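2 protein chains.
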Amino acid sequence: MPEKPSILTRRTVARSRLFHVEEMELLFANGARRCFERLVGSGHGAVLIVPMLDPDTVLMIREYAAGTQRYELALPKGLVEPGEDLLDAANREIMEEVGHGAHQLTHLTSFSIAPGYLSHTTHIILAQDLYPERRPGDEPEDIEVVPWRLSDLDSLVGREDCTEARSIAALYLVRDRLKR
Amino acid sequence: MPEKPSILTRRTVARSRLFHVEEMELLFANGARRCFERLVGSGHGAVLIVPMLDPDTVLMIREYAAGTQRYELALPKGLVEPGEDLLDAANREIMEEVGHGAHQLTHLTSFSIAPGYLSHTTHIILAQDLYPERRPGDEPEDIEVVPWRLSDLDSLVGREDCTEARSIAALYLVRDRLKR
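Going line by line, the protein sequences match chains A and B.
Take the first sequence: its position 77, counting from 1, is numbered 76 in numbering that gives the first Met the number 0, and each next residue is one higher.
Take the second sequence: its position 95, counting from 1, is numbered 94 in numbering that gives the first Met the number 0, and each next residue is one higher.
Hints are supplied without guarantee of correctness; some may be wrong.
Pairs count within a copy or across copies, as identical chains cannot be separated in the list.
[As the list claims (entries may be wrong)] The calculated lysine to aspartate or glutamate pairs, modelled on EDC-like cross-linking and capped at a C-alpha distance of 16 Å, are:
#1 K3 <-> E71
#2 K178 <-> E138
#3 K3 <-> D141
#4 K178 <-> D84
#5 K3 <-> E140
#6 K178 <-> E71
#7 K178 <-> E132
#8 K3 <-> E132
#9 K178 <-> D53
#10 K178 <-> D55
#11 K178 <-> E159
#12 K3 <-> E24
Note that these hints are calculated values from the structure, not bench results.
Keep in mind the model is a prediction, meaning the values are calculated, not measured.
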């Protein structure tokens, strides 16, 4: 593993309600200097949950995505609140978004989404042994819950409204894991 | 599919060299109004390439990621230049990053990375029938090329330095596709 570059300077170059852009000047081990901009996340990260209704049925959600300006079919997810345990955050999110809690929650791995310019981390949580429980969320409209069979992942990934890389990676990961 | 919300207002709330943050006020079909912030991308998107040296060997790269401030093992990728064809962009990127071109390039699908707040699209390109050809890139230090066997994807995804969701999703997708 190469030696990490040193950070010579860092400063905030833009800020909005949600986003914080930092500029860093880096000195690489070979002497090269470069300026990079990155988005600094909230620090607590997010959870993305794979809620299994039974060993072959995952609960997806269809929700409006303001970034791409269209409805997206993806796994439930949300930000971890300050001081909140990852598994508690996962259970809260599935109660709010798919109307179920889980007796069994497992942290499988953690993904980055654009490590070149985002500090953001998403923790992938497998939720099993579900029970019905709905908690109110802060969504502007009702979320549609869409059950999908993991044995039919090919046709899901081929859909134009299922494009979110973290959800697709997590679905393959869980399908492989549950097959074993 | 629900009716898309109408965009009542949109304005730029922050801007830096790389990033453009837009605030939008949306009116949902049920009458709910919400303000969202999103990052608006360059408009041309990015390509992420799965370069197959042989039917079981993919060429990964190890590169410093300024967003997460560590070295990351991932697939080669880069921005599409204005007016550039997606497959040409993919071939250029693998010449710069892994020292190979490809006689066969296939656009498999396109991923979003955080559709809730990023407009960004990444086109996934399968590169086969490789030939050695290196072009100079703009990287601050030499990129390490790491061949990996698709039949050993489990141990790759279990590594702490292989976390990038688009790469992981693309590797599973190609493994499944080449198995058929």
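Here is what the structure says about each hint:
no.: 1; hint: K3 <-> E71; verdict: between (37 Å within a copy, 11 Å between copies)
no.: 2; hint: K178 <-> E138; verdict: neither (34 Å within a copy, 40 Å between copies)
no.: 3; hint: K3 <-> D141; verdict: between (46 Å within a copy, 13 Å between copies)
no.: 4; hint: K178 <-> D84; verdict: neither (28 Å within a copy, 39 Å between copies)
no.: 5; hint: K3 <-> E140; verdict: between (45 Å within a copy, 11 Å between copies)
no.: 6; hint: K178 <-> E71; verdict: neither (27 Å within a copy, 28 Å between copies)
no.: 7; hint: K178 <-> E132; verdict: neither (28 Å within a copy, 40 Å between copies)
no.: 8; hint: K3 <-> E132; verdict: neither (46 Å within a copy, 28 Å between copies)
no.: 9; hint: K178 <-> D53; verdict: within (13 Å within a copy, 27 Å between copies)
no.: 10; hint: K178 <-> D55; verdict: within (10 Å within a copy, 21 Å between copies)
no.: 11; hint: K178 <-> E159; verdict: neither (26 Å within a copy, 23 Å between copies)
no.: 12; hint: K3 <-> E24; verdict: within (13 Å within a copy, 42 Å between copies)
Comparing the model with each earlier hint shows violations of hints 2, 4, 6, 7, 8 and 11; every other hint is respected.
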